[in-house]
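Student: Sequence:
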Amino acid sequence: MFWTIYFLSSFILVYLISNLFSKRIKLFLFVVLLTILISPSTVELGSASFAPATFVFVYDLFLERNLSFRSLRVLVLTIPINLIITFIFIKIKKIFF
Numbered sequence: 001m002f003w004t005i006y007f008l009s010s011f012i013l014v015y016l017i018s019n020l021f022s023k024r025i026k027l028f029l030f031v032v033l034l035t036i037l038i039s040p041s042t043v044e045l046g047s048a049s050f051a052p053a054t055f056v057f058v059y060d061l062f063l064e065r066n067l068s069f070r071s072l073r074v075l076v077l078t079i080p081i082n083l084i085i086t087f088i089f090i091k092i093k094k095i096f097f
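Using our numbering, the first residue of the sequence shown is number 1, and each one after it goes up by one.
Be aware that a few hints might be false.
To be verified - Straight-line C-alpha distance at most 25 Å; calculated SDA-like pairs for lysine to any residue: (1) 26 - 38; (2) 91 - 33; (3) 93 - 17; (4) 26 - 11; (5) 26 - 76.
None of these hints come from the bench; they were simulated from the model.
Assemble the whole structure, with the sequences as input and the hints as a guide.
Tutor: Structure below.
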């Protein structure tokens with residue numbers, strides 16, 4: 001239930017933010033921001049519970065005083081993959097439509 005509410009609120013927030021920018025960068029900004037907000041990471045090492053990676057990083061940094069980039073590894077993988085998929089989608093759309 002938490003993930004459903006979080007996903008919908010993140011989607012609405014990113015949509016509203018991306019509408020403030022020009023059409024040329026709107027899709028890329030939408031993809032990057034949604035990826036940053038939605039990508040899950042484990043809360044603790046060996047734990048089965050997941051939380052958004054950026055919030056896990058901020059929690060580790062400020063509350064546990066532990067600078068660990070372990071939670072951001074997910075973003076290092078998902079942001080480039082999503083941008084490549086978006087770029088391919090745009091190229092295919094220009095060719096056929």
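Student: Flag every earlier hint the structure violates by its number, smallest first.
Tutor: none
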